[in-house]
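Student: Chains as they are written, first to last, in this note's numbering: chain A, 1 to 287; chain B, 1 to 604.
A portion of the hints provided could be inaccurate.
Covered stretches of chain A (in silico footprint by chain B; criterion: 3 or more residues with CB under 8 Å from a CB of chain B, positions within the stretch not fixed) [what the hints assert, rightly or not]:
| # | region |
| --- | --- |
| 1 | 55-63 |
| 2 | 72-86 |
| 3 | 158-170 |
In short, the hints are calculated from the structure, not lab data.
Think of the CB as a built atom: it goes at the ideal place given N, C-alpha and C, for glycine as much as any other residue.
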Amino acid sequence: MASNQSFAQNIVESGQRAAARSNTSAGTETRAGTFRIWRGMGASGQLEDYSTSVSEGMVVLDAIHQIQAEGATDLAVRWNCKAGKCGSCSAEINGMPRLLCMTRLSELDLEKPVTVEPMRAFPPVKDLVTDVSSNFRAKKRIRKFTPRPPDAPDGTWRMAQSDADRVQEFRKCIECFLCQDVCHVLRDHQLHEQFVGPRLLVHAAQLEMHPLDILDRTDELKESHGIGYCNITKCCTKVCPEHITITDNAIIPLKERVVDNHYDPIAKLVRLMRGSKSTDTGQGEAR
Amino acid sequence: MAEYQRHEHDVLVIGAGGAGLRAAIESAHSGASVGLICKSLLGKAHTVMAEGGIAAALANVDDRDNWEVHFADTMRGGQYLNNWRMAEIHAKEAPDRVKELEALGAVFDRTADGRILQRNFGGHKYPRLAHVGDRTGLEIIRTLQDHAVHQPIDVHMECTIVSLLKDGNRISGALGYDRERGRFKLFEAKAVVLATGGIGRAFSVTSNSWEYTGDGQALAYNAGASLQDMEFVQFHPTGMVWPPSVRGILVTEGVRGEGGILVNKEGRRFMFDDIPENYRGQTADNEEEGWRYTQGDKNARRPPELLTRDHVARAIMKEVREGRGSPHGGVFLDISWISSKLSNAEEHIKKKLPSMYHQFKQLADIDITKEPMEVGPTTHYVMGGIRVDGDTQMSSVPGLFAAGEVGAGLHGANRLGGNSLSDLLVFGMRAGKYAAEFAARQSSAKVDTQQADAIVRVALEPFDRAGGGEGPYQVEHDLQTMMQELVGIVRREGEIRRALDALKTLKERARKVSVTGNREYNPGWHTALDLQNLLTVSEIVARAALERKESRGGHFRDDFPEKDPSYGKFNIVIRRGANGEMQVTREPIPEMREDLKKIVEENK
Ligand SMILES: Cc1cc2nc3c(=O)[nH]c(=O)nc-3n(C[C@H](O)[C@H](O)[C@H](O)COP(=O)(O)OP(=O)(O)OC[C@H]3O[C@@H](n4cnc5c(N)ncnc54)[C@H](O)[C@@H]3O)c2cc1C
Ligand code: SF4
Ligand code: SF4
Ligand code: FES
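Kindly produce the complete structure, drawing on both the sequences and the hints.
Tutor: Here it is, written out as structure tokens:
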């Protein structure tokens, strides 16, 4: 087959490209990098510099592990999957909330020390580990999934893929809590008990827009989950490693539902803002 | 002596992956008071990483599927060393467990008529894997977790169990420490369910996380339970090989299920070169037919890329060894070629394999819609584990149950992809149910604090040596490298013996490791403790591998490259002898029921 011919050619060429990559910057070729890591117990602590060798393809988590193995054996860090799937390794890299396992060193300027700090919105435990238990408590307060009776006699439901798509976006969430980390309501005002935060609003949206769920959670969204505290700064959407459009797709529709049931001044403002061109809240996304 | 935080539960579930969560939910449902423990935060267990799907004969995509075919596929995949009763229960109950997930809120991908969609996977005759793109595990664990938090279940996150406790012959609880503060916790329980997962960290190239240090296998072994089939470790054929820091990270079989093909550096699709006899009838003999199969043509046979994992992994090794591999010691896995078949190939790939697209883009700078990936085998799963009763999941220790990857029996010599997630739900549920029943029949067991004190003393020893010995990471690293080399994909008697010798030295070194710092969230200390379990399971794997002088499923002996029918009649079982020595025995597999034999025959 003709297509097979070009296909084999493609493989050979791609092999040559891959080999070229490894020749110029083989995994053996290393350089030194400095990592300025937060070391501390509870609230007290300081940044400390560690130097370690870095090679092609390394991510920040690799550097942290290397530093642990080279002597800082008690350096505390959470991780599991090393592939951006579990949401354990959240931290602030050069001040940006990121996953340690998905941040490649090649994206960073290694001429300067790379700063690695814990998520600052949460109570510090040790080094890069913080107390994220408020997120787990908040979820308990959101009423659980409650389906309509099954559609078919065998106890199953029918659901179109297009309806599944909408909630599947929210269900991609890996609970890294980076969105909670940047949300000023939690970070600057520490209103963890009053406002469930963007992650839990994504959870609520997933329930509210679930094709099978029959509960209406708008009352508690306003009364106890504090949706009114969100003023649509969209910081959460920008940091989500799963690219969930938290504000536009989850929070704003929830706010609209709340408005439909209650009078909510901020949400109303939001709707006005979305209609006006004079705001800088990311017009591109707002559509 | 030592101070403990005490907790009392009817049923204590150790492990909060799919199996542990499902067990805890079932126990709570039966009215038991339940404690649920995990080393990481809730929802971060291995189950979250599962990609391709969950196997269940729902017959939504191909109505020829049913439990009998699933049963026969599982037995064939396991080369008939499976506990056939478990394979039967699994095939029969998996559809209900999947449907039940939907009732708890899971949103699977859909068929055109709105039912749960199913995809092809290696060794499954029909499209059988319910899935959500390539993040099926996340969907499952989140669904169970979100349900469990509304049940009367006490969750103890970031708590590591270091020993089970016994009252005479029967289980009485467990001892652990909370990772955050380093304080010891004493759990009293009438029944314990182990759901701690696998042992992948015993090898250097692995898809498994730090959690997989064989804790459950070692805890059970130390408590006197039997382990079986531990020689069967699954090396998944497709792990990432480049760059070095991501070596081992999994590339889902779903890539091949969607039409991805394996080629060597000459561009040859080498999987067509060697198709095993017992799969020949079911395997396509030309590329066109293979492609049609992946696109749902019911008259087509599966492409050879979808043969069982042990076979594909060895075929890849062969290409690499014979100099036809890719630049970084793997082969090419290509899905981009489907652009010659589908006009919207790029969109299609991103939709069907979103996290693979991301993973390669972000970690390797490769756009899989345009370029082939480089892949090679990676340690993935252990078929062996705690020997249990097929119906109740109880081990040989009264009151000690096991479910999920830590258990053994369902998969025999080789696990089919997708059969783990279904295993977790089917047997997690059963373990939870029977553990609660067991607990209801028991009076409270006595926890012996002297027993606990002794364990605590040993656990704290690495601090006493602070600064005086080598750190735990180096020993762990040397263990992994040694196991990979000597007891890895290809095994030989001499090498296994060398491994057993090396283990003696490593044990000595591990006994002397020292850690610095304090007890609060101290990964060095945690590693020092986990290391003990890794050493125990590594020795068990090596001893079982030595005993099985044939090649079958995940176990390949270069010095005995053929399958030996006489080895098909027993499982290798390991337990601790009266003097602490490892006892290796051969336990005959009970004769299969006639009706099941007939099913196997009919599906040959
Ligand atoms: C990358 C990847 C992809 C996979 N894809 C698929 C797939 O598509 N289909 C499929 O069927 N299978 C797949 N598998 C296999 C499957 O995901 C696992 O076998 C399965 O999730 C194991 O579940 P489990 O409940 O037994 O254990 P886990 O989910 O691993 O949970 C183990 C739990 O035990 C806890 N634990 C362990 N030790 C201790 C201790 N000492 N004290 C306290 N707690 C402890 C852990 O913290 C964790 O909570 C995949 C595996 C990997 C790694
Ligand atoms: S948009 Fe709302 S939830 Fe998101 S960061 Fe801003 S205030 Fe917080
Ligand atoms: S919504 Fe995004 S940022 Fe927030 S927890 Fe989930 S994955 Fe993380
Ligand atoms: S380790 Fe899992 S997301 Fe980083």
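Student: Now, for every hint given, state plainly whether the structure supports it.
Tutor: Comparing the hints with the structure gives:
1. Counting residues of the region 55-63 of chain A whose C-beta lies closer than 8 Å to any C-beta of chain B gives 6; at least three are required, and the coverage claim holds.
2. Note: the region 72-86 of chain A has 14 residues with beta-carbon separation from chain B under 8 Å; the three-residue rule is met and the coverage holds.
3. Counting residues of the region 158-170 of chain A whose CB lies closer than 8 Å to any CB of chain B gives 7, which reaches the minimum of 3, so the coverage claim holds.
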